[in-house]
Amino acid sequence: MSTTNTGDARELAVDFHGDEPLISGDMSFHDITELVSGHTEKRTPLGWLAAFAVANIGLLILVTSIAYLFWNGTGVWGLNNPVGWGFAIVNFVFWVGIGHAGTLISAILFLFRQQWRTAINRSAEAMTIFAVICALVFPGIHVGRVWAAYWMLPIPNQMEMWPQFKSPLLWDVFAVSVYFTVSLVFWYVGMIPDLATLRDRATKGLRQKVLGFFSMGWTGANRHWRNYEKAYLLLAALATPLVLSVHSVVSFDFAVSVVPGWHTTIFPPYFVAGAIFSGFAMVVTLLVIARRIYKIENIITIGHLEKMNIIILLTGTMVGFAYITEFFMAWYSGVEYEQYAFLNRATGPYAWAYWTMMSCNLLFPQFFWIKKLRRSIPFMFVASIIVNIGMWFERFVITVTSLHRDYLPSSWDYYSPTIIDVLTLIGSFGLFFTLFLLFLRFLPMVAMAEIKAVKPEADPHFYDHSGDGQASGTPSLTSSHSE
Amino acid sequence: MSSKLRSSSPLTWLIDPFSPTEESARSDFRPGRGSLLWIVPTMIGIALLAVSAVGWSIDPGQFYFSYLVGWAFCLSIAVGALFFVLIQHLTKARWSVVVRRISESLMWTFPLLLVLSIPIILGMHDLFHWTHENLYDPADSHYDPILAGKRSYLNTPFFLVRMAVYFIVWCTLAYRLYSLSVREDLTGAVDIKAKQRKVSAIGLPLVAVTTAFGSYDFLMSVDPHWFSTIFGVYFFAASFWTVHALIALIAILLQRGVGLQKIVTAEHYQDLGKMMFGFTVFWAYIAFSQYMLIWYGNLPEETIWYRHRLEHGWEMHSAALLIAHFIIPFWVLVSRGAKRKKAILAFMAIWFLVMNWFDIHWIVMPVHAADHAAVHWLSLSCWLGLFGVVFGSVMYRLRRHSLVPQNDPYLSSSLAFTNS
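Chains as they are written, first to last, in the numbering used here: chain A, 428 to 910; chain B, 106 to 525.
The reader is advised that the hints may include incorrect statements.
[Stated by the list, open to error] Beta-carbon label-pair distances, calculated as ranges: (1) 441(B) <-> 843(A): 53 to 61 Å; (2) 404(B) <-> 802(A): 42 to 50 Å; (3) 798(A) <-> 118(B): 33 to 41 Å; (4) 778(A) <-> 404(B): 52 to 60 Å; (5) 474(A) <-> 131(B): 44 to 52 Å; (6) 593(A) <-> 241(B): 40 to 48 Å; (7) 145(B) <-> 653(A): 29 to 37 Å.
Hints are computed from structural coordinates only; laboratory data are not their basis.
Here a beta-carbon is modelled for each residue, glycine too, at the ideal position from N, C-alpha and C.
With these hints in hand, go ahead and build the complete structure from the sequences.
Take a look at the structure:
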């Protein structure tokens, strides 16, 4: 190409403007393997056991409160006549939302060639899967007659009983279970080369056998890599529409109804933006701690965290703009019920929740315009938690404020949760952290093969400049099993 | 430097705010001498607008609606181009540097569009039902309590103020981004990249808000009773969808001459094609969300809008939109090969432009002709007339500067870009 000879002078400028390196601290391929694999191979640290114990207490709380619910029925929750949907739906939407970042990072950012995703995709995908598990608990326990929970699925039966196909709640069952399945497959397929690395390093028979089974005979052969990369691209392409569809379908639960404040056409994209917002916040919360404890600061750098904070700023502002659009359009519509619903949100008995949501989701992320704060670990940690508080309240505001004053003023009521509601929510965090801690302990928390591929040494021409002329292949192809 | 760069006369400022800089372009990036690419569309455009003016004297009502469709079509291109440039800077995109000058040229359409909006302002009484005074007089038989409730927003002075605000935001941002880029061609100053990012960061929320409200004002309020919170997203989706097609089309046209040879490659076309494909799906997602939620809710004040588009022949337009705006582009562009072949991509780019116009026609025209669906010849002459003038001005601007941002630090990455 005739123009590339003008590139030399430009090359300097690229360095000048270029991003900070994706992996800092001058780590070799071997260092990466040692660091990431080492955490799954050493003796269980005491700190992990302590954290696991705490998470298990949370899980116990969840199991106990669900058992109590099953024994007594949904009357133990704070639901009342106009507010038939309370904490269970709020928590469901909250957890599904959290579960959005993982697949966005692994699929959409992959298609957009965002190489920084490689440092965080594994743990974000794990988080996604665990969040969706937490989410699936809530519709399951909300059915009243739990022994008939399988009726949610369209299973042929002698009674000719079918679910209501016109109900978005059924679409949810399909959307969330498809999302869960694809995310799980995507996560697992992406992990195979790393599992093979762990297998090759394993010294004990059982560990070798288990890892050998799950790494599916991976040898790192050229043909394996070709198939793997093709599969990965296809899965990314399939998962991309799912990232948008799942939360769109969740938003249909509300938006297909004619409840003022629910029936608004912006719900699908606005729910998706909110889900990405909360999901990224959760990734920041988890990784700020994990990178410190597991000493992977060179892999998950401040630069990665900053990029996530920019996405939080972007999606938070999108969500905030959607709030304002809804408010404006409720007024513009001239429909008095819509107008009242929004006025009631901002000034009625739940105004405290509305303004919590507004300040946490729209105002607080605006601090991320300041570069110093985007790169400050303590600040982003606090901010990420505030964002998720705000996003939980968003679902609370949507669900409860629209229901508690419906079309019939004589049935208006105030909803407040019971202790069981609160304990179930706390318990769901127990389940989430139990699963996440197990992941950190037993699986490679960083996609080793992928981060090796984004290191400059992985470029086939990298060694051309140094003149040794030896390594012109792709180092990432051989590194995962030979080290 | 800046004083030398700035164009002197107000008329040329409208078309291109800078004096020509193509002399300083490196030989590979020179736009070439041919002037057919801008003269022919401009001439056709002016001729068609003259014919449309005759149409105005016959049927002013039809003319105004047809003109609004054509104008909103051009606006969607300019808005899409502005979004394109903002997003490329914010994401530090490298692949797109070789086509960025085309989008920068497209986004300087705003000043011309402001001038071309005069017929819309003159035709407001025909276009916008809410301008009728008797709607707001409780004693009048046409009194409309719903519209009376919206009067503090939907009234002529505030409409004009809002329009001024939109165009100030759009023109200012377009000027800043375009001038930074052209200045970089001359000086290669290293701080320009950072400035472009800064302007883009501030610009993105401003453009998002003005585009959403602009779409409510120019398109949604044509049917003043109807409302939909997703409408701004719909207009954004259509704009962003179209602009990738037009960028690809212009690059292909330039390559038929002497410009951009071996600079824009199949790799770049494939990326543009991916975005065209992706936003085909995104547009369908937004369009479906809007339709499905209104259909399911089945509230008369919302469904009436679709009712009008599903009877008296408009149902054919709605079906055509589904098939030709979504299904056909989806299946054509899903393959890798189609995105990399210039002939197919150029065909699809023209297809996209037609469909975007058809979409806006479908939004606007049923308000004017609810009981007989047809494409009036004025709709075609206004659309192609406006687009001819706009397209001619874009091609004229492209001739006056380097065809790529020649000192952009990412240019070498963009030139060497491959998809593998």
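Here is what the structure says about each hint:
A C-beta distance of roughly 57 Å is found between residue 441(B) and residue 843(A), which places it inside the suggested range of 53 to 61 Å. Taking the beta carbon of each, residue 404(B) and residue 802(A) are about 48 Å apart, inside 42 to 50 Å as hinted. For residue 798(A) paired with residue 118(B), a C-beta distance near 36 Å keeps the hint of 33 to 41 Å intact. Distance hint check for residue 778(A) and residue 404(B): the Cβ-Cβ separation is about 27 Å, which falls outside the suggested range of 52 to 60 Å.
Evaluation of the 44 to 52 Å hint for residue 474(A) and residue 131(B) yields a failure: the beta carbon distance comes to about 60 Å. Range check, residue 593(A) to residue 241(B): Cβ separation about 42 Å, and the 40 to 48 Å hint holds. Between residue 145(B) and residue 653(A) the beta carbon distance is about 49 Å. The supplied range of 29 to 37 Å is therefore violated.
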